[in-house]
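Sequences listed follow chains B and R, in order.
If you're matching positions, the first sequence starts at 0 in numbering that gives the first Met the number 0 and goes up one per residue.
If you're matching positions, the second sequence starts at 0 in numbering that gives the first Met the number 0 and goes up one per residue.
Since the hints were derived computationally from the structure, they do not count as laboratory data.
Where is the CB? At the ideal position from N, CA and C, for every residue including glycine.
Please note: incorrect hints may appear among the correct ones.
[To be verified] Covered by chain R, per the in silico footprint, the following chain B stretches (three or more residues, Cβ under 8 Å):
(1) 264-272
(2) 316-329
(3) 379-389
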Amino acid sequence: MDINKLKEGRKLLKEFKYDLGSIEKGYTNRTLYVNISENKIESKEVTPLMKEKFIGGKGFGLYTLWHGTTPSTKWNDPENEIVISGGPVCGITQYPGAGKSLVCSISPMTDIPIDSNVGGYFGPYLKFSGWDALEVQGKAENDIVVFIDGDNGVVRIEEAPLEAVDSHVIAEQLTEMYAENEADKRNISVISAGTAAEHSRMGLLNFSFYDVRRKVQRFKQAGRGGIGTVFRDKKIKAIIIKFSNVKGDLNNAVDKAIINKAGLKLHKEMHYLDDKQNRMRQVGTAYSQEIMSAYDLLPVMNFQYGGHEDVKKISPDVFKNNYLTQGMADGCWYGCSMACAKTADGFELLTGPYKGQKVTVDGAEYETLAGCGSNCGIFDPRAILEINFYCDTYGIDTISYGTSMAFVMECYERKIINKEFTGGLELKFGNFEDSIEVLHQMSRGEGFGLILGQGVHRMKKIFAEKCGADPDFLFDIGMEQKGLEYSEYVSKESLAQQGGFGLTNKGPQHDEAWIIFMDMVNNQIPTFEDKAEALYYFPMFRTWFGLYGLCKLPWNDVTPANNKFTSEPAKIPEHVQNYLDVVYGVTGKKLNTTEMVRESERVYNFQRIFNIRLGKGLRANDKIPYRSAGPVTKEEYEARQERFDGQLKEILNYDVEGKTTEEKMAVLRKHRESQYEKLIDAVYKRRGWNSNGVPTIERLKDLGMDLPELIEVVKDMQ
Amino acid sequence: MKYLAKDQSKCIQCGQCEEVCSTTYFKTKDKFKSCIQINEVESKPEINVCSQCGECIDICPVQAITRDKLGVVRINKKICVGCLMCVGFCPEVAMRQHDEYLEPFKCIACGLCAKSCPQKAISVEVYQEALAEN
């Protein structure tokens, strides 16, 4: 890598100098606007309204995106934006999981706003460099990079024709270029996408954090909804930030002692309890794979089944014993003792353009393991790591890729598509060699890769039109909603999780309502009313993390020893109190649990209305594919016949004797679909929405969100 | 490996060691700013101080904690980002923090407390085997 040569190719398009300013109670009180069409850079004020009603993070992202775009803005219009914001707590070092950024944009997959949360050092460094958010708008003529020098107060837009596009290469190039020496490398964070993000809709953004022990840039991903595709469409190769001298008090918190107390308490829980509970420090989020399989919730072969005998071949311990380096400080921001960013070091690639190279692979996280592994019938840990590596470096979301590939494989096996259509690739379940070739095609922009890269929503249409497939059947088995692929949980037996996926704002992504565990494993929300209430509380509660720059995992991936004896174990009351304390410690704002949820509700309703403004966000858009609610095919029913027959007898008093599978399936389907509709009614009512899913003006007034621009959208839909 | 050895049976909880430590490093008499702390467990004195085991070295995300040539585990405060993970994960519960300071602090086996102990309950020792390993 010749850095000087890369530098010679650079052409300065714009330089902007600014005062570094100060951070008070977690806010810099300004945002950085970069327009790459006009090469314009400016500072914008953070208004009291933004802080009061939108808080930060996802709130700032959605607010900024709303005002930067119009009701007719499409994902690839120059005015579409990528907004990155941490939130007021982002950047503290004492409490685990406090380095998150939220990234918002209009999604190429859903055509509505997407919000994707991501770790890595960029979010904290952005704030320390003087900015509560970064708003990027426009489309460059040629490939560019944006550099934010948070030590000296300079922002530059430069043409960058020679840098690589794939993340693991460009992150190394730019770190080498901007760091003065080895010790300086941890002060650099790079955002990049990858070559496949250019040729598909499911592109992601990698946010880097330098690993001082492995001496390599590692990544966390803003994975969902194709923001990497928007990034490359704008011809951005990378956004680089540099900030030196991170200390524990840069947020100028009002009460450091209360933050320290909460942080130390959680560090000690991790120290003493993690090995007995989830083993996050050993295996990361993959821990839940075995539990999911045991409870029939792990997606296998396009969500047809919930477990498989070969799951043991890709168990967390297989990864731990053979691939994942142990005993390292694997947090993606300082102070994260949960340290879930597990890594396979010295992993030798067997395919693709980097074949033979030994690389560092971050993962596989649970979603990747399930999506690119069991859901595709791939039970080979090596294969999963290789897919994981290439998805990351090519800038591809492993969830959308995994769910899309699983859909393709089922279509192939059911002869809906054939070898001719796939260009000679035999895309059967379990075929690693041919399926990873599709990923390489996505990188090269050719062949069947171009089709898979469109995602399930568009593939359904393509397969119906070009292959004569039955559109209704494709709708039943294609695991997408609102254009976004499902994340990796089989929700057939969990009505709560059906709603958890179906009643989301962005599309079926678990971060908004991951309640399958409390529903199916812990049995904490047994009644219909419990489930409806959970679909009010948890999406709001979980939204709240994204307003402040926090990760959700330290909330519930370790629990205090006495949690099960508390009044509401599912909520983990002691950890909720920690968060209230931390927010007070940073901002001086004293919240209670009711106000906490109301803060989220304001932003949640704003996002719902944003969806409506862009033509979605109504009841029709909350319809779910039947595969997520029950058995679509005879094989699925018969694989769990005892369970389904039992339910027909017990719940519906239906006599199954002498009935064909098809007859029983029809009765079960009618029941389950009506249950889901009933759930929608209950949840909408609880959220203050009318029966079409539109927030009522009354509720908006109650929340203090009767802003003119919102009323304008919903007033004729009441 | 140099470390502070202790004989709890000799301790009379006079607090002299704590006073010397906090006065030396923080210019104040404050038990909570002392690297060595004398507690009482089941009516008996407990001398709580770093054993120089070094578990914190791997916990630190920025490699601010290292072992020096004498085997003493030391914190480089310039590099430290104040995350306090080393405090939460110390097996001896002997890594200290105080809310007035950003960085944690710990015993570096300087021996000043040992010199001041009227009971000779603490002393600087060298653990040869471990030193050889390091």
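Note to self: If you test the structure against every hint from before, which numbers come out violated?
What the structure shows: 3
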